[in-house]
Structure formats: structure tokens, C-alpha cells
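S.K.: Take the sequences, apply the hints, and build the full model.
Sequential numbering from 1 applies to the sequence shown in my numbering.
Since the hints were made in silico from the structure, they are not lab data. No residue lacks a Cβ here, since even glycine has one placed at the ideal position from N, Cα and C. Hints may contain errors.
[As the list claims (entries may be wrong)] Simulated DEER-style distance windows between Cβ atoms:
#, residue 1, residue 2, range
1, 67, 180, 43 to 49 Å
2, 148, 61, 18 to 24 Å
3, 179, 20, 50 to 56 Å
4, 35, 162, 25 to 31 Å
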Amino acid sequence: MSRLPLRKSDESLMMRVRRSGDERAFASLVQRWETPIRRLCTRMTGDAHLAEEFAQETFTRVFLSRDRYEPRARFSTYVWRVALNLCRDEQRRKARRETHAWEDDMQPVAAQTADEAMVSQEASGFVRDAVMALSDPYREVVVLRHYEGMRFREISEVLGIPEGTVKSRMAEALTQLSRRLQPLTEQA
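M.R.: Dropping the structure here:
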């Protein structure tokens, strides 16, 4: 029986990039992480086109700062943090400009009647607006937990804060979302 080649860990690939600028190793990392990073940036900024730019910028920064990569840290924590920092910077710029946009990068609506699809899209819009209305610290934990499927411990590592703080931010975010979405649930 032939053995399948083992998939190189993200950390070992990044170390190859760090040591010798290995473009193939870096291309493998980009291939693995491009979609999750783009999805995160879309959910954090509310703009799919900007998210595409941020995903590219994330990988540009990772490559350019490869000499500063610390092998003790997981690559996932490193790349999530670079992307989140770009999103945070944009939120600060956006707050100054006071503009809002959200292009739906969410999963497509399943086969539904036209009325069901319209109601579902309207409800999704309310939820998106409520999530986007959260301040950055609360939106980050909601997006990472509920949209990216991370555990509290992973979120703690990515954000560089204690796990208890992640949990308290999540509790407060859910309280705020509940308050904002209450009119929607009363209509149902």
C-alpha cells in the first residue's frame, strides 16, 4: 500500500519561507488561508471588495515580515492577527468617514419560494446590521466564534487577550444583539 505524502504544517511552511523565501511554501500557505482570511475581512469590514484587498495585503505583510515570524506561535494565530489589525485600522478610518456598506459574502440561500427567500434575506440583513453595529471588540469575538467557528481559547490567542475577557465580550455582544434584534423576534 502506498503512503500519501504528509501535509506540511503551516508552521513548517512558514519556517521555510522565513529561512529561504521559499515561494512554493508561501503559495501553499496562501492557498490554505486565502478564503478564511477574505471571509473574516468581509465580515469585519462589511465590504467584499475591500476584504479582497485586505486578504492580499495580509499575505503581502506576512511575506514582507517573514523574518519577524516567531515559530513558537501558531501560524494561524499570526495570520488572523495580521488580518484583524488591517480590519481594525479600516474601522477607525471608516468611523471618521462615517460610511457603511455590506456586500453579502455569506452562504447562498437554499432553494426557497420567493417570499421565503425575501424574508430570509431581510432577516439576514437585520442580523448583519446588528453585528456591524457592535463596537470592534464585540464584533471581533462574534465573527471569530460564530462565523469562523473558533473556540474561545483560539480567539484568546488571536486577539491576545485572556479567555475570560473573550467570554465576557461574547456575553455582552449577545446581550446587545438580543436587544437590537428584539423587534425582529416580536414580529415572528
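S.K.: Evaluate each hint against the coordinates.
M.R.: Hints, verified against the model:
1. 67 with 180: 43 to 49 Å: Distance hint for residue 67, residue 180 holds at roughly 44 Å.
2. 148 with 61: 18 to 24 Å: 20 Å, holds
3. 179 with 20: 50 to 56 Å: With Cβ atoms ~53 Å apart, the hint holds.
4. 35 with 162: 25 to 31 Å: For residue 162 against residue 35, whose Cβ atoms are near 29 Å apart, the range 25 to 31 Å holds.
This entry satisfies every hint, going by the numbered hints stated previously.
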